[in-house]
Structures are given as C-alpha cells and as structure tokens.
Amino acid sequence: MGFFDAMKINLFSEMKGVVTINEKPVAGAIIKRTAIPNNDKEYTDSSTTDSEGRFHFNRMETSLFLKLLPTSIVVAQKVVINHGGQTYLAWEAGNTGGNDKGELNEYDVIGSGKEIDIDLKCELTNKETNKAGAYTLVISGICNWDGQKVLE
Amino acid sequence: MPSSSRNLSPLETAQAADAVYDIRLKDDVTKAFGNTLIKDQFTLGDSSRFKGKSGIFRSESGFGVIGQGTGSRQGEVVIVTRGTVTGADWFNNAMAISTMSSNNKAVHKGFNQIFNSFKNDLAIQLRAMNPSRVHCIGHSLGGALANLIAEWVDAKGLGSPHVYTFGSPRVGKDSFSESLTYKLGAERINRAYHKTDIVPMVPVWPFIHSPQPGLSCFINSPGDYPGAKYHDRKLYISSARGHNDWGTMRQRHPKTNMEKQVENWLDSDSPLSLTGNTISMINSAILYVIKKLALAGLQFVIGGAVNVVDVLANFLAKAARVTKEVHSLIGRLMRRILRALGKVVTAVKDITYSFVKWILESLASAMFRTAKMAVGFTHRYL
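Protein sequences appear in the order of chains H and Y.
According to our numbering, the first sequence is numbered sequentially starting from 1.
According to our numbering, the second sequence is numbered sequentially starting from 1.
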C-alpha cells in the first residue's frame, strides 16, 4: 500500500428495485446510473425494467490513481428513470465515501451480515423526498426503501 | 446540551466535517447538512424560516460554509472548511516551506496560500454577522484551514474561536501552535486523530500540532502501519460516537506492547542470528524507528519505483543529524542489525549514508540468501 497506489473505489453498490406507475409495474423503463468520483469523470451504466417492472444493477467500481493521496474519496451518485418521455430522479447522493454498501450502512455493520442492501420501490407518481443514508448522507429522489428515514 | 466550555460536541463537529463534502456539483447547503445534528443549532443554507443567511466561500483549492447560530447558539457562527475534492498539491509538499501567517507566525506555505485566497470573502460575511463565538471545523486539509481561520479571527477581534479538527496535518511551527494555544486555551482546540491516519504525521518537523501545550484526542485504530484508510472522514464520525464531550476524548498516544518489545530489543546486547524471529523483530524495529521519527516530525515518504534501501539509508543518515536522541536511536538499530549479521560492535558513532546503506544491503542479501524469510516490510509499509 504505497502513497501513490491506485485505489479501488466503489462507485455504486449492487442495487435492485421495481418501477411502478399508479401501483402498476412499468416495463421497458430505462434506468441510468451516473457516478462522479474525485477526478470529476462520469461513470455510467444503464438497465431496463422487465415485464414486472424490476431492475438490477451489479456493483460499479473503478480504480483511481490518486497522486493526491491521501485525500477524501467523494463519489456523487445519480440514478434517473426514463419513461413515457419523462425523466424522474430516482436517487441522488452527493457524498458517498467509495465503500461497498456504504450508501446505507456504516462501516461497522458492513461484513456483519446485517447490512441493508439497496432494494428500491420507485413509484413514478411519488414526490422527491430526502432520506437519510449512512453517516451524513442525504439521498434524494422518488424511490423509497423499507425502513428508510425521511428527513424534514 | 452545550458543555461548560461552550464547545460543540465531537459528534456534531465530526458530522459537519463530513457533510461539507456534499457541496460540490451543486451548492445546496441546506440539503448537504440535512442529515446532521448541527442543522438544528445553526442556519446552514438559505431558509425562509430563519432571518440568518449563510454563505459559501471558495477558491481553487479551498472551500467553506458559514452559518449563523439559532436558539442557545444565537450570536455564534460555525465555519466548516475542506479542500477541493479533486485535490491539491499540499500533500506532496511533505518537506514543507513555511511563510508568515496572518498573525506573523511561521506556518505551512501551501495552507496559508489557500486561506489567503478566500480570506477576504470570509471577512465580508463574518463582519456582517458580528459573532460572539466562531466554531471552526474541518477534516484533513479543512482542519489545517480551520486552524488558520481561528488564528485570524482572534487576531482581528472577529469573535472568540473554537477549533475542531479530524485527521488534520500539522499547520505551523512551535511559535504558531503555542501562540494559538495561549490565545484560545487548550480546551478550545479539539484535535482528533486516528493512530494509523498518515495525514497528522505531515508535514515534517519543525511543524508541530496544537494544542501546545495541551492534550490532543488520540483515537486508537487497528494495525501498526500508518496509511490512508483511517483518514476516512466517516470513520471519524464512528469514533466520535459515544463521547458526549471532548473531555473524554482527550488522551495521549499510548505505547503499545510491540513498542515495548522493540524498545527492549533495541536496548539489549543479546546475541542474535538471522532467524525468522530476528527478521521479524528487525522489521518491527525499522518500522518503530520510522514511526518514532514521524512523531518527531521527520516523515519518511516514498513513491514509485525507487531503491528502497537507498532512500531509507539517506533518510536515516539525515535524521541522525537532527538530535542526539535520534542519533542514539538509529545507532542502536544499526548495532542490532550488525549483531544479527554476526558483527559485534560496542557502539555506532558515525551514521553516514554509505554506512547505513552498507548495513541495510548486507541485511537484504543475508535475508535473500535465507529463502524462507518473509520480508514483510518492503511490501506492506511501502
């Protein structure tokens, strides 16, 4: 572990969910994830909902060569849903720390078997709300998950 | 509940130091601090519900948010600083150059330049707020900036500063640290650092930490090798939990068992041969010496593909010239390694680059000959 090594950065943890409109599943909706770590570059992937409105993404990661080590790893995340000519903000978080499962879990929970996985319910008629993530993370968007805490 | 020193709590400040990193692609301060304790005490971001406004001050390398207190914190101000997330060259300037601070004390030039680049912007906002107290919070480079802001706020009579830093590098020489500690009082300088966070070990001597004199807040962390992992701003939040106030966090850096073993080994005169145990002890001793030198401000930094023995020999020879104590420590290490190589010497007097290099090269080839030896040192630490 040298000061000038490449660092493995978690851009997005594994996530899955279901998209509905008025409680009915939406097939063929395009979900796009964008992550922007310290180098200000955009990393994206996308997926489409199946006939039951479900989607799944594997973990997205990259190696960054940071000659500025040690610095704080900051990954800004954004997930949008495109359907019927409209774009919906599913999930937006500006301050993840680059750790796997770090969006919803504090570090002492990760690896204990008690981690919360990202499992989203995205009802397109929902308003955008701010939810609490791990530490001071604020997650905005229309998607909700079980046990979430909505911030005022 | 405010403590008698009127300090903000470890958790409140650790959270603020983390949340400020959320303001980057968008300037949504209210949202960034929406999941913190401090949002209930200070107005951070425009809000129609409160009279106070808060602002952002930024430069190419530095960034900060300023907010006004409400309720029991009425009249107080909080300033949270960080560096830009794309980074700056300050860390590469480990062998730092000094310059004069706003109060004419010797400080790290890089940090001071960043502070100067947003100082005027900050002054305009602060003068309009006319605060009683100014709480200066920061992680990493943000912590260094918090120190400089506090010195300046005090010198200009803009309020009574409190400083809270997490994983901050060293900021100034003894004149800076002693002056800041004298003016603010050690109980208003709250410096938290993890044992294996590398950043508080730079820049090199003669830069030292504040409070001086006074207790910093040493936080134990796993392992023996300093690195980047325990510099993580979110781990400082974990560490702050369970401490209601800074009083319970103040403690010295304790000695570990391994350190005692190494110290005994360095002081002993017992015969040695190149067993696995001896190799392991030599590795630990080299690391111990490097850590000890780092604590004294002499940071060993290595990068890229270089000849480790060469660089290490150069470093140790230079370090040996600094003080009698350092000379003695390195001399004892050299003596023990020579002993392990079958050469008995009473004392090592001249610690030159070529002498150290010869010893380390002899050690390296001896270890290489004994194929079983796992040289953990060069791969793990470097």
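Worth flagging that the hints you see were computed from the coordinates, not collected in a lab.
One or more hints might be untrue.
[Claimed, not checked] Here are the simulated DSS-like cross-link-like pairs (lysine-lysine), alpha carbons at most 30 Å apart as the crow flies:
hint	chain 1	residue 1	chain 2	residue 2
1	Y	Lys-26	H	Lys-121
2	H	Lys-32	Y	Lys-292
3	Y	Lys-105	H	Lys-16
4	Y	Lys-31	H	Lys-8
5	Y	Lys-31	H	Lys-41
6	H	Lys-41	Y	Lys-318
7	Y	Lys-105	Y	Lys-119
8	H	Lys-127	Y	Lys-31
9	H	Lys-114	H	Lys-16
10	H	Lys-8	Y	Lys-105
11	H	Lys-127	Y	Lys-26
12	H	Lys-121	H	Lys-32
13	Y	Lys-260	Y	Lys-318
14	Y	Lys-318	H	Lys-114
15	H	Lys-16	Y	Lys-195
16	Y	Lys-31	H	Lys-149
17	H	Lys-32	Y	Lys-195
18	H	Lys-16	Y	Lys-260
19	H	Lys-101	Y	Lys-291
20	Y	Lys-318	H	Lys-101
21	Y	Lys-195	H	Lys-101
22	Y	Lys-105	H	Lys-41
23	Y	Lys-229	H	Lys-8
24	Y	Lys-26	H	Lys-149
25	Y	Lys-119	H	Lys-114
26	Y	Lys-229	H	Lys-114
27	H	Lys-8	Y	Lys-119
28	H	Lys-149	Y	Lys-229
29	Y	Lys-260	H	Lys-8
30	H	Lys-121	Y	Lys-291
31	H	Lys-101	Y	Lys-105
[As the list claims (entries may be wrong)] Just the calculated beta-carbon pair ranges, DEER-fashion:
hint	chain 1	residue 1	chain 2	residue 2	range
32	H	Asp-146	Y	Asp-28	23 to 29 Å
33	H	Asp-117	Y	Asp-28	39 to 45 Å
34	H	Ser-63	Y	Asp-174	36 to 42 Å
[As the list claims (entries may be wrong)] To give a feel for the contact side, a few chain Y residues facing chain H, derived at Cβ under 7 Å:
hint	residue
35	Gln-15
36	Asp-40
37	Leu-338
38	Arg-339
39	Gly-342
Glycine is no exception: its CB is placed at the ideal position from the N, C-alpha and C atoms.
inquiry  = For each hint given before, does the structure comply? Return the numbers of the non-compliant ones in rising order.
reply    = Of the numbered hints given earlier, those the structure breaks are 2, 3, 6, 10, 14, 15, 17, 18, 19, 20, 22, 25, 27, 29, 30, 31, 33, 36, 37, 38, 39, listed in rising order.
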